[in-house]
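Trainee: Go ahead and model the full structure; you've got the sequences and the hints to work with.
For the protein sequence lines, the chains are A and B, in the order given.
When the letters of the first sequence are read in order and numbered with this note's numbering, they come out as residues 1 to 368.
When the letters of the second sequence are read in order and numbered with this note's numbering, they come out as residues 369 to 742.
Any given hint might turn out to be false.
To be verified - Derived list of chain B stretches under chain A, where covered just means 3 residues or more per stretch with a C-beta under 8 Å from a C-beta of chain A:
1) 372-383
2) 415-421
3) 456-462
4) 533-540
To be verified - Taking CB as the label site, the calculated pair distances span:
5) I290(A) <-> Q635(B): 25 to 31 Å
6) A299(A) <-> D422(B): 47 to 53 Å
7) A351(A) <-> Y606(B): 56 to 62 Å
8) P286(A) <-> M584(B): 30 to 36 Å
9) G672(B) <-> N283(A): 43 to 49 Å
10) F580(B) <-> C137(A): 43 to 49 Å
11) A673(B) <-> P286(A): 37 to 43 Å
12) N283(A) <-> Q722(B): 51 to 57 Å
13) E163(A) <-> K582(B): 30 to 36 Å
14) K582(B) <-> L315(A): 35 to 41 Å
15) Y606(B) <-> E352(A): 56 to 62 Å
16) A473(B) <-> A318(A): 39 to 45 Å
Hints were generated in silico from the structure; no laboratory data involved.
We put the CB at the ideal spot given by N, CA and C, even for glycine.
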Amino acid sequence: MTTSEYRWSEAAEVKSPDFIIERDDLILITGANGFIGPRLLKSLVDMGFRNLRCLVRTQGAEFSRHDSIARAREQGARVDVFRGNLLSREDCDAAVRDATVVFHLAAGRGEKSVPEAYRNSVVTTRNLLEAGSRQGCLKRFVNVGSFTVYSNGGKPQGRLLDESCPVEKHPQLRGDAYTFAKAKQDELVAEYSRRFATPCVIVRPGYVIGPGNPGMSGRVGVGTFGMFLHLGGSNAVPFTYVDNCADAIALAGVKRGVDGEIFNIVDDDLPSSREFLRMYKRNVKPFRSIYLPHVLSYALCLIWERYSAWSDGQLPAAFNRRIWHAYGKKTRYSNQKAKARLGWKPKVPMAEALRRHLEACRAATVDN
Amino acid sequence: MLKVAIVGSGKIADDHASQIQRIKGCEIVGVCDSEPLMARQFCERFPVKQHFSDVHELLSEMRPDVVHVCTPPQSHFGIAKVCLEAGCHVYVEKPFALSENDTRALIDFANDRGLQITAGHDDQFRHAARRMRSLVQRGYLGGSPVHMESYYCYELSDVSYAGAVLGDKRHWVRGLPGRLLHNIISHGIARIAEFLATDSPKVIARGFVSPFLKKMGESEVVDELRVIIHEEEGATAYFTFSSQMRPSLHQFCLYGPRNGIMLDQDQETVIKLPGKRLKSYAEKFVAPVQLAGQYLTNVKANLGAFVRNDFHMKSGMKYLIESFYHSIRDGAPTPIPYSEILLTARIMDEIFAQLGHQQPSQPCHPNLEVVPVH
Chain A
1 MTTSEYRWSE
11 AAEVKSPDFI
21 IERDDLILIT
31 GANGFIGPRL
41 LKSLVDMGFR
51 NLRCLVRTQG
61 AEFSRHDSIA
71 RAREQGARVD
81 VFRGNLLSRE
91 DCDAAVRDAT
101 VVFHLAAGRG
111 EKSVPEAYRN
121 SVVTTRNLLE
131 AGSRQGCLKR
141 FVNVGSFTVY
151 SNGGKPQGRL
161 LDESCPVEKH
171 PQLRGDAYTF
181 AKAKQDELVA
191 EYSRRFATPC
201 VIVRPGYVIG
211 PGNPGMSGRV
221 GVGTFGMFLH
231 LGGSNAVPFT
241 YVDNCADAIA
251 LAGVKRGVDG
261 EIFNIVDDDL
271 PSSREFLRMY
281 KRNVKPFRSI
291 YLPHVLSYAL
301 CLIWERYSAW
311 SDGQLPAAFN
321 RRIWHAYGKK
331 TRYSNQKAKA
341 RLGWKPKVPM
351 AEALRRHLEA
361 CRAATVDN
Chain B
369 MLKVAIVGSG
379 KIADDHASQI
389 QRIKGCEIVG
399 VCDSEPLMAR
409 QFCERFPVKQ
419 HFSDVHELLS
429 EMRPDVVHVC
439 TPPQSHFGIA
449 KVCLEAGCHV
459 YVEKPFALSE
469 NDTRALIDFA
479 NDRGLQITAG
489 HDDQFRHAAR
499 RMRSLVQRGY
509 LGGSPVHMES
519 YYCYELSDVS
529 YAGAVLGDKR
539 HWVRGLPGRL
549 LHNIISHGIA
559 RIAEFLATDS
569 PKVIARGFVS
579 PFLKKMGESE
589 VVDELRVIIH
599 EEEGATAYFT
609 FSSQMRPSLH
619 QFCLYGPRNG
629 IMLDQDQETV
639 IKLPGKRLKS
649 YAEKFVAPVQ
659 LAGQYLTNVK
669 ANLGAFVRND
679 FHMKSGMKYL
689 IESFYHSIRD
699 GAPTPIPYSE
709 ILLTARIMDE
719 IFAQLGHQQP
729 SQPCHPNLEV
739 VPVH
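Mentor: Next comes the structure, spelled out in structure tokens:
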């Protein structure tokens, strides 16, 4: 079932038995002006929710004029833009006040420093969770995590990665600030859920594509040392189109009976890394790439890791076997749980999603 | 075994811990941050015995010999004073304090108790900076410095730092007397202070908000600064801080009566600039070849340090910490003379006064709120 099937129709007064909140209950979205935030707003409004608060750290005034807000208001929704900093407990209290569902999208993305990524992902999440438990009417806290937290080793079903797979036990050894922060953020959410009975759901999207994210997934390769090293080869890349992802997050926030669950969000018909790279070169810009077979990339990661340890970090452990397992290993991805429990299905097919994504990448390249 | 504690567990504390781990004869016994989660994550990543959210508890329970103060600058004075009172030697990250008065008070306080204190001007101890200092000590300049040029730039496109400062009107950097400049320029100013002969040079400063920032709606954060420093019958210096010029330089040129030296921190190179010109066309053809030779020598030196496993990005910090510990253990002179720390603070005070910056408001989210300050 897609979000459109959940739409509050003309009979909007009718309470959906599938939802934990009613249409006029207040919903808070943090990181609302990020990549996914405006799409989540749209999904929620399309589902019929009419009372939304968008928390943004910066440019509150600019975001108030954002298309997604204008559209939501045209559809009769009340959308407040709240400017605040999640590092401030007072701001969190004010933002969460009267909210029945919190969608926590804000995170320390793009941070190279572990402490800053941690502060902007974990400390902020703790502040929000505490604010939520203080004000007492919170029915669900949706934490938007990431696939990156999976170790992708020791999986119960071989190559298949799903919600039952182990997460990285020692994320500090991954050498990646974002992974460390997201793993600790999920731990914290689980801890609060357990200790304080906070109703939480964790959503872990794969690599989110769409207009607004012109970057290249590290699962495809890395543009380092002056060339593009293609690492993915025939591996499937766990893409999810931003609109599809937003629909899944929206459902995770309002669907009855999923408290305490984790949902992986990945679309159907995933392209291989090689197919995606070919499309990218054809549709965005041509460039040279060198394919590094998996055995070679593993060996290089091993050597780099050993040298980094031996030299006390003269070369930081940016490449290591944990990273290879997480991003470089051949893996299949499952979205069955999200489909079965949330009633989600990707409404933008992968072919169309890739077309829109690559078109936006080309436009961004031209702009630059 | 020297017992080390770290107060503050932000980005720079990571660098401290990484370098302290590489030094023999010391161990990190505790870390403290007013945010318990931050202290906890630090302990999960570094071999640290215990974490605290109160500096007094850290000092009384772990009894460290030396404390590294890595909190936002507003709290440096208060924390350093508490640590000195507890009998600890103190390494204070840059900027050392908010003003010359605070700087002097801390140094006097340390002196009165027979303790050592130093400032985190680690860039002055990187490989190239040490090679340059060695050249000066061997008399390459041919006398006292005549003129200096110090570039210390910062690209404001950096998401992790600039994004936070520009995006958050309550960010602690905005609460500093010199705002963004206060948190960054001390490295570049300290380079000049090291080679000034007198303790009260004249300072002429001009600062402004770049058109780039203005376009983003920023009107408070001065991100372009030009300074002239001159001593009576002594050396002169230019200091440049820019967020917009490219390349974003971290360079220092030192000119003496006979020769000059150019240090490039990013390339880790030191180039000798001979004062004597070659004859006629030789200057056009031979001098560039000689220059190329010098660059090759630098490449060799850098490669050598890399092979010896001594070319970490924060090698200057390791050297400074090691020298500081040496001064604590063996009574050697502190790596940075106190007069230089004071002069750096004085020049910065003068710059900020001329820019007309008001006294800072209270920071919104300091890492550590410890003690009555000042």
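Trainee: Give a verdict on every hint.
Mentor: Each hint, compared with the structure:
no. : hint                            : verdict
1   : 372-383                         : holds (count 5)
2   : 415-421                         : violated (count 0)
3   : 456-462                         : violated (count 0)
4   : 533-540                         : holds (count 4)
5   : I290(A) <-> Q635(B): 25 to 31 Å : holds, 28 Å
6   : A299(A) <-> D422(B): 47 to 53 Å : holds, 48 Å
7   : A351(A) <-> Y606(B): 56 to 62 Å : holds, 59 Å
8   : P286(A) <-> M584(B): 30 to 36 Å : holds, 34 Å
9   : G672(B) <-> N283(A): 43 to 49 Å : holds, 47 Å
10  : F580(B) <-> C137(A): 43 to 49 Å : holds, 44 Å
11  : A673(B) <-> P286(A): 37 to 43 Å : holds, 39 Å
12  : N283(A) <-> Q722(B): 51 to 57 Å : holds, 54 Å
13  : E163(A) <-> K582(B): 30 to 36 Å : violated, 49 Å
14  : K582(B) <-> L315(A): 35 to 41 Å : holds, 40 Å
15  : Y606(B) <-> E352(A): 56 to 62 Å : holds, 58 Å
16  : A473(B) <-> A318(A): 39 to 45 Å : holds, 43 Å
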